[in-house]
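Asks: The primary structure of each chain is shown beneath.
4 protein chains.
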Amino acid sequence: MIGVAVVGYGYWGPNLVRNLSEAAGTELIAVCDLNLDRLAAVRGRYPSVAVTDDYEAILRDPRIAAIAIATPVSTHFRLAMSALMAGKHVFLEKPIAPSSEEAERLIEEAERRGLVLAVDHTFVHTSAVRKMRELVEGGLGEIYYYDSVRVNLGLFQHDVSVIWDLAVHDLSIMDYVLPARPVAVSAMGMSHFPGEPENIAYLNLHFDSKLIAHVHVNWLAPVKVRRTLIGGSRKMVVYDDLEPSEKIKVYDKGITLKGEFQANGEAVRQALIGYRSGDMWAPHLDIAEALATELKEFVGCIETGGTPVADGHAGLRVVRILEAASASLCQRGRVVELEPARRVA
Amino acid sequence: MIGVAVVGYGYWGPNLVRNLSEAAGTELIAVCDLNLDRLAAVRGRYPSVAVTDDYEAILRDPRIAAIAIATPVSTHFRLAMSALMAGKHVFLEKPIAPSSEEAERLIEEAERRGLVLAVDHTFVHTSAVRKMRELVEGGLGEIYYYDSVRVNLGLFQHDVSVIWDLAVHDLSIMDYVLPARPVAVSAMGMSHFPGEPENIAYLNLHFDSKLIAHVHVNWLAPVKVRRTLIGGSRKMVVYDDLEPSEKIKVYDKGITLKGEFQANGEAVRQALIGYRSGDMWAPHLDIAEALATELKEFVGCIETGGTPVADGHAGLRVVRILEAASASLCQRGRVVELEPARRVA
Amino acid sequence: MIGVAVVGYGYWGPNLVRNLSEAAGTELIAVCDLNLDRLAAVRGRYPSVAVTDDYEAILRDPRIAAIAIATPVSTHFRLAMSALMAGKHVFLEKPIAPSSEEAERLIEEAERRGLVLAVDHTFVHTSAVRKMRELVEGGLGEIYYYDSVRVNLGLFQHDVSVIWDLAVHDLSIMDYVLPARPVAVSAMGMSHFPGEPENIAYLNLHFDSKLIAHVHVNWLAPVKVRRTLIGGSRKMVVYDDLEPSEKIKVYDKGITLKGEFQANGEAVRQALIGYRSGDMWAPHLDIAEALATELKEFVGCIETGGTPVADGHAGLRVVRILEAASASLCQRGRVVELEPARRVA
Amino acid sequence: MIGVAVVGYGYWGPNLVRNLSEAAGTELIAVCDLNLDRLAAVRGRYPSVAVTDDYEAILRDPRIAAIAIATPVSTHFRLAMSALMAGKHVFLEKPIAPSSEEAERLIEEAERRGLVLAVDHTFVHTSAVRKMRELVEGGLGEIYYYDSVRVNLGLFQHDVSVIWDLAVHDLSIMDYVLPARPVAVSAMGMSHFPGEPENIAYLNLHFDSKLIAHVHVNWLAPVKVRRTLIGGSRKMVVYDDLEPSEKIKVYDKGITLKGEFQANGEAVRQALIGYRSGDMWAPHLDIAEALATELKEFVGCIETGGTPVADGHAGLRVVRILEAASASLCQRGRVVELEPARRVA
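Residue numbers (full-length UniProt numbering), protein chains in the order written: chain C, 1 to 345; chain Y, 1 to 345; chain L, 1 to 345; chain W, 1 to 345.
Incorrect hints may have been included.
[What the hints assert, rightly or not] Pairs of lysine-lysine, DSS-like flavour, derived with a Cα cap of 27 angstroms:
1) Y:Lys224 with L:Lys224
2) C:Lys249 with Y:Lys224
3) Y:Lys224 with C:Lys224
4) W:Lys224 with Y:Lys249
5) W:Lys249 with Y:Lys224
6) L:Lys210 with Y:Lys249
Since the hints were derived computationally from the structure, they do not count as laboratory data.
From just these sequences and the hints, can you work out the full model?
Replies: Structure follows, in structure tokens:
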């Protein structure tokens with residue numbers, strides 16, 4: 001039985017508390033928040049769980065082996081670092097930190113101390129995204145493109161742009177699903193409200209191959225869209241997260257090249273493009289709650305010394321792309337390289 | 001009664017022939033094509049229409065006042081220029097020409113001779129696009145963004161990229177609908193097949209204001225999408241061309257800013273963003289065939305000396321953006337300015 | 001502050017408990033269930049609420065003024081009757097009772113004692129259904145038909161047919177929305193599993209006018225459908241409960257009759273039917289939880305002596321139709337009259 | 001080369017003429033219509049085809065071996081009978097005749113003379129309906145129900161009810177797809193316009209098994225729906241004819257009964273119903289025009305002495321159900337038996 005605490009009981013914290021209070025293998029010992037009304041809400045619903053606004057008390061409590069942090073991103077580094085230094089395993093909201101430098105320091109600290117550092121890339125624990133990875137590894141052939149649209153009306157953030165708020169989901173999914181990692185990023189976007197961060201943005205991810213990836217995020221769209229297309233040389237996928245049951249559709253469609261490529265003097269080619277249109281198939285997906293799966297994995301890693309799917313390095317890779325995209329956004333879409341050395345990290 | 005000829009009886013020509021043979025105000029005199037089988041097909045269906053593979057004969061025929069050209073874009077300049085020089089009015093497939101220089105010369109020639117030069121920007125004659133323009137002029141408020149997705153499987157072109165084939169539609173619609181004209185373009189794309197032009201591309205259009213426009217075109221998508229979002233400060237529009245009847249949906253949705261912006265020493269602001277969610281409304285749209293409307297306008301312009309909605313200048317503006325986008329595509333998405341002087345043309 | 005108890009903590013009871021524990025104006029005093037595990041679950045979540053498996057204790061408790069009953073329908077009469085006889089107001093799950101006779105006795109008892117008897121026809125408290133009623137009263141013109149499809153896979157019931165389980169929703173909505181009440185019912189259906197009640201059924205409701213109503217319910221459908229069409233002489237409505245936001249769409253469409261009806265010897269008519277196709281409009285709908293609205297109304301009625309929208313009479317009318325439909329179902333769809341005297345009740 | 005004539009150039013006739021003029025194996029010799037304007041239209045488009053308003057001339061013409069009839073249903077019997085008596089093969093619009101008696105006489109005449117009598121049940125020649133039959137024969141298991149909705153706004157007929165106009169499609173599809181034939185019919189409906197036939201109707205088809213079929217047809221619906229559900233013991237199908245490509249979806253979903261059925265004194269059962277939810281699959285469908293396939297089959301039958309899929313007997317079976325449904329409609333939905341002797345025919 002692993003004792004855990006949750007820090008931050010705002011938008012996402014209640015989901016952590018609910019899952020951790022019901023999970024086998026964990027005992028939810030305390031919830032920490034600076035807001036006393038929120039603590040009262042916890043006390044009302046979970047009378048056996050201690051509440052406190054004193055984070056130091058959490059750190060000192062020897063019964064608490066792991067801390068789940070769901071506070072604003074600007075506080076991630078400080079809270080997570082002191083948790084690690086107090087010897088606690090950490091489960092951290094995404095994005096892992098507001099800068100790659102801080103993310104790196106968290107990784108180092110966790111590794112030095114042999115502690116588990118997990119980032120809450122929730123989507124990679126959904127059956128839909130896992131199926132996509134399976135398909136990318138299995139039947140799609142060479143991956144040509146990844147295109148994602150994630151738009152709706154609200155919720156405007158004031159401290160981070162729509163990229164840090166919405167594209168972070170796509171980047172964490174891509175990090176998990178795609179067979180390659182981007183080498184450069186460019187981004188265009190706009191803030192339509194004075195003093196606010198960008199509310200619409202388009203990201204291009206560049207790879208060392210013919211793979212091309214693109215993300216459209218928008219807080220100001222009239223309709224909600226959560227749709228990803230993956231084009232492969234053999235099959236193609238549509239992932240529509242708003243579909244109640246058939247979220248993943250696999251299309252046995254594509255192009256067949258019957259061309260001859262000869263090179264005598266200059267390349268002579270008579271390409272004959274054929275169109276192949278076969279069945280569509282929507283695999284059955286389990287409907288387990290992703291967060292429950294994820295927390296179970298976190299606990300399992302603590303027990304066995306394993307590494308979570310979304311570990312600190314995954315969190316770092318995503319933050320590096322977010323940083324580069326933000327830099328590009330300020331420079332009218334200039335391509336920003338992702339340094340190779342750091343990519344390997 | 002205006003005598004007309006159609007040149008090119010391939011993919012689009014039959015629609016021109018059918019419409020011109022049925023239209024009031026025109027007499028379809030001849031159809032010209034180099035392919036004799038196609039001419040035989042015309043003869044079978046329209047026995048009273050002359051057929052020929054000799055374009056010079058068309059140019060010499062004094063009964064023919066206007067020529068509709070539906071040939072590959074590489075032949076547009078030569079055929080249109082000789083038609084204009086022979087004193088014929090010209091209706092030209094989109095894009096008007098493969099280069100802005102040729103487009104400019106066609107415009108000059110037509111203007112010098114007082115001839116009508118129309119470009120077949122078909123979509124601007126649909127009731128859906130006309131309604132969008134009405135809404136942009138009327139109720140949407142300040143336009144924040146224009147986002148279009150035009151993807152499906154096939155038809156791959158071998159001589160032009162997906163931008164020239166598909167984005168040309170979006171650019172002609174934007175040229176008609178938007179209150180401002182772009183000042184710069186950037187584009188990313190990829191060819192996944194050796195020796196073939198780009199089959200997927202993303203265009204960003206930059207404006208002198210906070211307006212931002214983006215187009216996604218793709219010949220290799222598993223599903224067909226034809227969807228445009230327009231975000232305004234007061235209302236927002238979804239235009240889905242695949243909807244059988246409700247192609248245009250107007251959402252009375254948006255953001256309300258109740259912020260105070262004070263500047264003492266450093267800017268202090270307490271923005272309060274509110275979300276407004278009202279009715280949705282799908283205006284009834286006529287279902288007249290766009291091409292019939294367009295040809296009627298062309299004939300009207302010949303009769304009255306008027307200027308078509310999609311004249312040579314509209315065609316030129318679109319080609320300039322296509323050229324700039326192609327240039328950007330080769331330079332990894334570098335922003336390519338559209339020269340101000342030329343923009344005015 | 002009105003003291004309430006909830007009886008039955010199975011499928012729906014937890015929603016009652018959650019709403020009543022949070023509602024202003026009520027104090028949730030006790031929860032009663034025969035299953036001790038369920039009571040333990042209540043104690044864990046709501047430590048200040050008493051739990052008991054002794055219904056008599058609830059009836060005796062003077063602090064409890066009202067009882068909400070969410071138990072199997074076969075127990076409704078006994079539990080509700082004893083609650084009324086103990087002087088408690090009653091909020092009763094739908095259908096009100098397994099027979100109209102029992103429903104009548106509950107109504108009589110409540111009326112004699114001046115107690116509020118509400119039936120949980122949840123849908124009539126949704127903004128979508130309220131909007132439909134408004135439209136039926138307002139802009140649709142004469143109502144021609146009401147057609148509802150409510151199908152999906154599962155949850156099979158073993159004690160009642162799909163009519164009592166699913167069609168009860170449609171009947172309660174119709175009771176609230178339609179301007180007239182049915183005079184007869186016929187129903188066809190089938191049980192595909194030995195010993196089980198009918199899992200698919202079609203109901204026809206007959207009216208004294210040209211109004212026709214039909215309901216399709218099915219526990220064994222591959223897809224979930226929750227769609228109602230209402231045809232009026234002036235406008236038509238589609239109500240799709242699965243739409244996340246635009247649940248109600250109003251179509252300004254219809255038929256215009258420009259006929260002349262003359263009768264000389266035999267009727268001579270030259271009807272000219274015209275088709276009118278105007279705008280579609282999706283009114284904005286509030287997203288308040290229906291059950292909260294409903295319980296608030298229940299409490300208000302207790303305080304002011306008012307009558308709930310879905311009172312015992314509404315519950316009775318629905319049960320009469322269910323009874324008649326069940327009778328028809330056993331007789332291959334024979335039309336079963338709803339006795340006029342009883343209709344008035 | 002089989003010489004054919006088309007009689008009737010109204011709504012459907014032009015499709016027959018176009019297909020027959022392009023088909024291999026047939027020579028379209030003449031088109032007959034009483035309306036001279038229509039004949040002029042034929043002459044304009046098909047200058048080599050003879051036109052006439054004299055049906056006798058068609059019958060006398062020895063070059064004409066087969067006649068395709070697309071006139072109002074009230075004329076079917078007279079025109080088809082005289083064609084058969086003149087020794088011509090007949091391709092007849094659906095429904096085959098306004099009464100089963102007339103249909104029977106046509107069948108007898110055709111059989112006595114060894115002539116092909118085909119009914120234009122177009123849908124049974126679509127790849128979607130053929131796939132459904134394949135699935136019903138193959139993987140769906142025992143068929144539990146067939147449910148079809150065919151509604152939209154217009155086109156109102158004045159001489160026949162919506163059943164004869166729209167349900168005829170469903171009945172011909174069912175005749176082709178289902179493994180059993182109905183033994184009885186009931187129908188409810190309403191005419192909302194004085195002197196007009198029923199514009200909305202609901203049909204129930206009864207079988208000798210647990211199969212149940214239902215059809216909803218409506219000329220006065222705000223939206224167009226063309227959707228059929230087939231429930232089988234192993235799999236289920238959704239056929240949506242408005243889907244551009246995935247018209248057929250097969251759901252590997254259903255119920256599994258793990259019950260024990262014991263009979264000691266009275267039947268004791270503890271049924272355990274399980275829900276199975278597997279993949280969905282949309283088979284690729286060819287997009288050949290159904291009418292072309294159908295006419296090719298007709299010609300093939302003439303050449304080889306074969307029997308068309310939709311022969312006179314299929315046409316008769318459909319008309320018998322239409323007759324019975326009409327009778328039921330007038331009697332408030334009374335169940336009308338389809339006589340066993342005649343069913344066999």
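Asks: Each hint needs a verdict: does it hold in this structure or not?
Replies: Evaluation of the provided hints:
For the hint linking lysine 224 of chain Y to lysine 224 of chain L, the alpha-carbon distance of about 25 angstroms falls within 27 angstroms, and the restraint holds. Our distance criterion of 27 angstroms between C-alpha atoms is met by lysine 249 of chain C and lysine 224 of chain Y, whose separation comes to about 14 angstroms. Proximity of lysine 224 of chain Y to lysine 224 of chain C is assessed by CA-CA distance (about 19 angstroms); at most 27 angstroms being required, the pair is judged to hold. Using a Cα cut-off of 27 angstroms, the hinted pair lysine 224 of chain W and lysine 249 of chain Y holds, with the two alpha carbons roughly 18 angstroms apart.
Annotation: proposed proximity of lysine 249 of chain W to lysine 224 of chain Y holds, straight-line Cα distance about 18 angstroms (limit 27 angstroms). Of the pairs offered as hints, the one joining lysine 210 of chain L and lysine 249 of chain Y is violated, with about 34 angstroms between alpha carbons and a cut-off of 27 angstroms exceeded.
Of the numbered hints stated above, the single one contradicted by the structure is hint 6.
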